[in-house]
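Residue numbers (our numbering), protein chains in the order written: chain A, 1 to 316; chain B, 1 to 321.
There may be inaccurate statements among the hints.
Stated by the list, open to error - Partial selection, computed: residues in chain B whose CB lies under 7 Å from chain A:
#1 Ala-128
#2 Asn-160
#3 Val-161
#4 Thr-172
#5 Ala-253
#6 Leu-284
#7 Leu-290
#8 Val-299
#9 Thr-301
#10 Tyr-305
What the hints assert, rightly or not - Take a look, some chain B residues computed to stay more than 12 Å from chain A by CB distance:
#11 Ile-93
#12 Pro-97
#13 Lys-125
#14 Ile-129
#15 Arg-218
Said to hold, decoys possible - Below are the SDA-like pairs computed for lysine to any residue, each with C-alpha atoms no more than 20 Å apart in a straight line:
#16 A:Lys-163 x B:Ser-281
#17 A:Lys-7 x B:Glu-157
#18 A:Lys-7 x B:Val-161
#19 A:Lys-127 x A:Trp-195
#20 A:Lys-163 x B:Tyr-282
#21 A:Lys-127 x A:Leu-204
#22 B:Lys-125 x B:Ile-190
#23 A:Lys-7 x B:Tyr-159
Please keep in mind that the hints were generated in silico from the structure rather than gathered at the bench.
Ideal Cβ placement from N, Cα and C applies to all residues, glycine included.
What follows is each chain in one-letter form.
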Amino acid sequence: MLLYTMKRLLQSIVTVLLVVTIVFLLLRLLPTDYYFTEEQLIKLTDQQRHDQLAAAGLLDSPFVQLFRFYEDLANLDLGTSRRIQHGVPVTQVIGGKFLVSMRLGLISLAISLFLGVVMGVLQARYKDKFGDHVGTAYTVFVNAVPTLITYSLVLVIGARLFKLPSMYSVRNVARSSILPVVCLSLTSTAGYMLWTRRYMVDELNKDYIKLARLKGLSSRKVMYRHVLRNAFVPLAQYLPYSMLLTIGGSLLVERFFSVPGMGTLLTDAISRYDTSIVQAVVILYASLGVLGVFLGDVLMTLIDPRIRLTSKGNTR
Amino acid sequence: MDMTTNNKPGLHPGGGGSAADDLFTFAEYRHAQAEFTASTEYSYWRSVWRNFLRNKPAVIMSFVFIILFIFTFVAGVIGNYRYDELRPDNKLIFLFPNDEFWFGTDNLGRDYWSQVWYAAQTSIKLAAIVGVGEILLGVVIGLVWGYVRSLDRFFTELYNVVNNVPTIIYMTLIALMVGQSFLIMAVSLICFGWLPTARNIRNMVFIYRDREYNLASRCLGTGLWRILWRNILPYLISVVVLRLALSIPSTIAYESTLSYLGLGLDVNTPSLGILLRNARSYFLDFPYLLIFPAVIVSVITITFYLVGNAFSDACDPRNHL
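For reference, chain A alone in the conformation it holds in the complex:
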């Protein structure tokens, strides 16, 4: 197990490095004009711009820059922001943002996990009854209707009927977080419902459930003690992943409600060409993704002792 973990970690580091290298080189393909604001482009002469770029080491060949970047990375230095907050270390810029995203994300994850699993269980228990059909209609709606439209509807209903703020504001965090959280949970609840129901229904047809029924266990006990426990295993695999990714924030929700979180930071950083922030965020996203998948596998072995990672590693 230890050996496997080491091997897997090493592989993950290689993946993350590969990802960030690709993004690094892609960013260097853009013309250097992007490093300046429009105002600067008008004001500064070509010579001044040239000097500034040379001073920042941005005129060296991309590979020289890449190696310098690796060196900094080895010293755990992610550089400073150029455009978003000039001269501020990247870690500080990110530090201010990720808590905002994470709080919204974790609240909505908790809500949607609870609601999704409970509704999924109920749907499986009352399969083909009216409630089940309503639940299925809901999941179809969420999956088929473009998210942007769902969010817009939530916004209109929330703002017009319940008089909730339509923009996130730092002064009134609790009230202005309601609509973003509703949007986030609305979509992910549907996912948990769909999969819980699916796995439960699969599990319900198995022999050990029939045995449990024959023993005279109550339907509720069969559902929660036997079926749910087994049906939850495949769901658990994605749990750490989605938990970690809450740090990354949701791009659309954050932009839609003007939440100053990680999602907006990423697009801002790219469109304003703040390379060191983009690189740092990419490293963050990639490592969270890789780590999330790994933790998911570990969690699965903890819940279900029949699953072993070491033999599985070869077949995947």
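Position chain B relative to chain A; hints supplied.
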């Protein structure tokens, strides 16, 4: 089947005179009978079609979808204004739906009816192109990825690298480096969209690749493409259809998200996302700016989603007969 039909009588040593000759006679070799296996009445696609037609709600919804799709072309013609002749007009801003402007006007005083239908048409066109492209590329590469072991490592690594970066980064870089247009959007969505399909297909191929019939086929020297095409792909048809059916609504959704973020289509090619981005500041006060595009596009995506699901069920041979 009778064993003797496979053997030509001439191959057997003819030992006359024993009692067995009276009881058993060699059957004559008949080609048609030798090839005869089971009921030939069964035709896969006819069966798919029959199963699909049996699903009444799905049939009705496919009619709704087709009519709406055709109407996106008709609507632009029957409206009072042509899309490409729209001019901003200060006197006409935020008119509620009326006789002349059937869907009202937007913040610049332009007719909303023609914009909504044009946008719906653009979104569907893009989604159809991207969906088909994604599936074609994904299926072909997924088949090879799953079947040829030496390529597995490469594609898995490629998948990890691409999948671990938010696509938004690539899309932004493309928007900055190449530009924004319908074609660029379609190509780049296909470029990043085929991977999940290919991964799905690869996992399915793993299930079938080492079944006995494939081993036998390989031993007999069947070529790679023939095995993939004739032996494995037929098993995957319902999965492929399902992915296509899900890909079109999700592409419409993704396009609208990207365009809303300013990374998708350019402002002059109105799509759902652009429309809603323009309306975002106003639809709290003028809900009709949201309701018309929302209802039309939702009906299109929901019907397509359900019809696709039903068709995919009909494609699954386990549901036949």
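Hint by hint, which ones does this structure get wrong, listed from lowest number up?
The structure breaks hints 1, 8; every other hint is satisfied.
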